[in-house]
Amino acid sequence: MNILITLLPASFGFSFLYLNWKSADKDTRMSNWVGWTLALSSLALFILFEGVEFGLAYGFFGLAIIPLVLALININIRDKQRKITERRTFRFQPIKNRWSNNVIIFIVAIPIALIFSLLSLLVVSNVTGYSEVNKLTLIVLGFPLLWSVIAYLYLYSQQKKMIGSALFLGAIILSGITFT
Amino acid sequence: MNMKPSNKFFSQSLNAHSWLGLMVGALMYLVCLSGTLAVYFEEFERWEQPSAQEYVNYDIDKIDAAFNNLLSNGTTEVTPHMYVTLPTEGNPRVALVTENEGWFLNQDGNIASSTAHPWTSLLTDLHLYLHLPEAWGMILVSAIGAILMTLVISGFASHRTLFKDAFKFRVRGSKQLEQTDIHNRLSVWGAPFHLMIGLTGAFFGFAMVVVYLYAAVYKNNDIEHVTQSVFGEEPSLSQDVGEINLAKAFKQMPQLAPNTTPILAIVHDTGTPGQFIEIFSQHPNRLIYSENYVFDANGNFLHTKSFSDGEIGKQIIYSMYRLHFGHYGGWWTKVIYFLLGLAITIVSVSGINIWLAKRKYKDLINDLWAGFVWGTPIALIVPAITRFSFNFVSNYWFWFCLILSCAYACKLQNEGQARIHLTRIFAAMTLVLIIVYTAKFGYHALTGLPLVINGLLLTTALIGLFTTSMKFKSPVLAEAL
Numbered sequence: 041m042n043i044l045i046t047l048l049p050a051s052f053g054f055s056f057l058y059l060n061w062k063s064a065d066k067d068t069r070m071s072n073w074v075g076w077t078l079a080l081s082s083l084a085l086f087i088l089f090e091g092v093e094f095g096l097a098y099g100f101f102g103l104a105i106i107p108l109v110l111a112l113i114n115i116n117i118r119d120k121q122r123k124i125t126e127r128r129t130f131r132f133q134p135i136k137n138r139w140s141n142n143v144i145i146f147i148v149a150i151p152i153a154l155i156f157s158l159l160s161l162l163v164v165s166n167v168t169g170y171s172e173v174n175k176l177t178l179i180v181l182g183f184p185l186l187w188s189v190i191a192y193l194y195l196y197s198q199q200k201k202m203i204g205s206a207l208f209l210g211a212i213i214l215s216g217i218t219f220t
Numbered sequence: 118m119n120m121k122p123s124n125k126f127f128s129q130s131l132n133a134h135s136w137l138g139l140m141v142g143a144l145m146y147l148v149c150l151s152g153t154l155a156v157y158f159e160e161f162e163r164w165e166q167p168s169a170q171e172y173v174n175y176d177i178d179k180i181d182a183a184f185n186n187l188l189s190n191g192t193t194e195v196t197p198h199m200y201v202t203l204p205t206e207g208n209p210r211v212a213l214v215t216e217n218e219g220w221f222l223n224q225d226g227n228i229a230s231s232t233a234h235p236w237t238s239l240l241t242d243l244h245l246y247l248h249l250p251e252a253w254g255m256i257l258v259s260a261i262g263a264i265l266m267t268l269v270i271s272g273f274a275s276h277r278t279l280f281k282d283a284f285k286f287r288v289r290g291s292k293q294l295e296q297t298d299i300h301n302r303l304s305v306w307g308a309p310f311h312l313m314i315g316l317t318g319a320f321f322g323f324a325m326v327v328v329y330l331y332a333a334v335y336k337n338n339d340i341e342h343v344t345q346s347v348f349g350e351e352p353s354l355s356q357d358v359g360e361i362n363l364a365k366a367f368k369q370m371p372q373l374a375p376n377t378t379p380i381l382a383i384v385h386d387t388g389t390p391g392q393f394i395e396i397f398s399q400h401p402n403r404l405i406y407s408e409n410y411v412f413d414a415n416g417n418f419l420h421t422k423s424f425s426d427g428e429i430g431k432q433i434i435y436s437m438y439r440l441h442f443g444h445y446g447g448w449w450t451k452v453i454y455f456l457l458g459l460a461i462t463i464v465s466v467s468g469i470n471i472w473l474a475k476r477k478y479k480d481l482i483n484d485l486w487a488g489f490v491w492g493t494p495i496a497l498i499v500p501a502i503t504r505f506s507f508n509f510v511s512n513y514w515f516w517f518c519l520i521l522s523c524a525y526a527c528k529l530q531n532e533g534q535a536r537i538h539l540t541r542i543f544a545a546m547t548l549v550l551i552i553v554y555t556a557k558f559g560y561h562a563l564t565g566l567p568l569v570i571n572g573l574l575l576t577t578a579l580i581g582l583f584t585t586s587m588k589f590k591s592p593v594l595a596e597a598l
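As given, the protein sequences belong to chains C and Y, one line each in that order. Heads up: take any position in the first sequence, counting from 1, add 40, and you land on this note's numbering. Heads up: take any position in the second sequence, counting from 1, add 117, and you land on this note's numbering.
Okay, chain C solo, but in the shape it has when bound (with noise of 0.2 Å):
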């Protein structure tokens, strides 16, 4: 019965925001808001019904699935014929391809990326005052996130070589400081 109560207001909040979605009324700032704090307020009960943990994954993980259901609803199958796509002989193109630059890049970038971040927060959690598990636990968990986003940054930018170098030089910085 908890389950049921819980899932009515994102269920209404979710279909809000769809219909909403739907409508071709520009002015939809405040109907979202209503949409939102209805599927917010799901997560409020999970937490109240099941305790803070279970409450934030039912919460966070099991609303996905009503959102993707409407998706699903608005199915659009389009009655247009495909083009026919041509075929070509497969030709492997190691050095003028672009393919090759962007293996290189992936292969040194990440690698440095991860080194970068695990060694930042090694230096961070020192700094941080916290108990010893409670460090870990922010390097372990926090250095992921941190190589993610330094990994994206790179890829983004334009500037692979200056990026990457002074990456590069930061780990060196960095895993001096470290072990000295």
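If you are wondering where the hints come from, they were derived from the structure by calculation, not from laboratory data. Please note that the accuracy of each hint is not assured.
Straight-line C-alpha distance at most 27 Å; calculated DSSO-like pairs for lysine-lysine [to be verified]:
#1 Y:K125 to Y:K475
#2 Y:K292 to C:K62
#3 Y:K292 to Y:K479
#4 Y:K281 to Y:K121
#5 Y:K528 to Y:K477
#6 C:K62 to Y:K281
#7 C:K62 to Y:K121
#8 Y:K422 to Y:K336
#9 C:K62 to Y:K285
#10 Y:K422 to Y:K365
#11 Y:K125 to Y:K336
#12 Y:K285 to Y:K121
To spell it out: a stretch of chain Y is covered by chain C in this simulated footprint if at least three of its residues, at any positions, have a beta carbon under 8 Å from a beta carbon of chain C; those stretches are [claimed, not checked]:
#13 229-240
#14 284-295
#15 310-319
#16 323-334
#17 399-411
#18 443-456
Only part of the chain Y face toward chain C is listed, based on derived beta-carbon distances under 10 Å [what the hints assert, rightly or not]:
#19 L139
#20 M140
#21 F280
#22 I433
#23 Y438
#24 L529
#25 N531
C-beta atoms are modelled at their ideal positions from N, C-alpha and C, and glycine is treated no differently.
Here the structure of chain C is known, so what remains is to put chain Y in place on it, guided by the hints.
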């Protein structure tokens, strides 16, 4: 002030997202598909050995007697760690396990058949290590977890019409548009789950790397000290080496930890003066795997490991396992994890499909990708058939089937035909599996959990056959399926 990011921002983010996705797309697909199925690894283990007795109510005195008999009868090698797994909702069986082998225990306390689930191990090893050597494989898979987070971040940054497309789902028509809609809807709404899976996935492989690094930098290489700060200290005892009083320890649990459910007991340093018992007991509405209660060999309570009420970092670390695998809250949590896991799997495939559709031409890569995607289910089913027919399972067998599927798709030089043929082969192999399984286990194949799994396999096979064999009256439906 205009806060809207420029078009250049979106296009550069999309570029970063695309390249990163292309680099890891295939491995991401394998990890996500195997992970989605591995949510049900306990059920698959039960399916592999359907004749083992299942029960929830156990007599701890009988388990105690069987355990001590196992230690003293000399028929098996006593290893430093000896395990007693207790019945749970996902796995209602009792087993006595050494570091090398295990046996189920009947409700009357008699030792039954050995525990063996090689096909489930093939599946879980694919998810955890990609069948590589464990240490490196786990680091690679964890790196894929971190890259998944990068993909979520870059994916959001490259989505210029996030709200405008919130519920758009166009199929047929342009292939690129169709795959983009599938990719974006599943990834945007499932993003909290995908981030959590990436973060917790990264944790498993890198936790020990961090511990080693931390110990090397700050603790003069004292790894044991760092490990104990997280997982609790082990007692130093000096007792007469005798029987392990499991029953006495268990009988104190209702007073020590009321409303909790013991799920596992480990005897550490077995057969030495320092041997001790650790009982893992699950707390309701907590994500921590368990609180652990430590007893000496005579069953006298010593202390807890403080996973439930210790420092916040300890509680978070000990919650990673259940959070990643969805083993909390009951059967419907597993269903949600399965559906959202399937969503990431489809996102991995549709990401590559978008790139292929953008190329405006087809070549060997299209064929290889079709063989890889549609061949993976076959590569998982075939080892299950050989497991039940000849008791033979090998990781190489999986990769051989996958390579064969890719080669077949390349020979066809038509990705649509390859999809149809490989789906039919999968359906046929699934039917063979069900027949082999039923012939091997007879009555057990048609009751309880095996019936559910076999029924789902049969349904999957029939859907596969239906979608590839039927001639639809409506061309729209035919194309959509």
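Q) Does the structure keep K125 of chain Y and K336 of chain Y at a Cα separation of 27 Å or less? A) 47 Å, violated
Q | Interface hint status, I433 of chain Y versus chain C (Cβ within 10 Å) | A | 5 Å, holds
Q. In terms of beta carbon proximity below 8 Å, does the stretch 310-319 of chain Y have 3 or more residues touching chain C?
A. holds (count 5)
Q) Once the shortest beta carbon distance from F280 of chain Y to chain C is found, is it less than 10 Å? A) 8 Å, holds
Q.
Restraint: L139 of chain Y near chain C, CB-CB cut 10 Å. Satisfied or not?
A. 8 Å, holds
Q. Holds or violated: are the alpha carbons of K62 of chain C and K121 of chain Y at most 27 Å from each other?
A. Holds, because 23 Å separates the two Cα atoms, which is no more than 27 Å.
Q.
Can you verify the interface hint for N531 of chain Y: is its Cβ closer than 10 Å to any Cβ in chain C?
A. Check passed: Cβ of N531 of chain Y comes within 9 Å of chain C, closer than 10 Å.
Q.
Is the listed coverage of the stretch 284-295 of chain Y by chain C valid when you require three or more residues with a beta carbon under 8 Å from a beta carbon of that chain?
A. holds (count 9)
Q. Within a Cα-Cα threshold of 27 Å, do K422 of chain Y and K336 of chain Y meet the stated pairing?
A. 22 Å, holds
Q.
Would the hint linking K285 of chain Y and K121 of chain Y be met if the CA-CA limit is 27 Å?
A. 22 Å, holds
Q: Decide if the proposed pair is consistent with the structure: K292 of chain Y and K62 of chain C, CA atoms, cutoff 27 Å inclusive.
A: Judged against 27 Å, a Cα distance of about 24 Å means the pair holds.
Q: Three residues minimum, CB to CB under 8 Å: does the stretch 399-411 of chain Y make the cut for coverage by chain C? Let me know.
A: holds (count 3)
The structure shown violates the earlier hints numbered 11, 13, 23 and 24.
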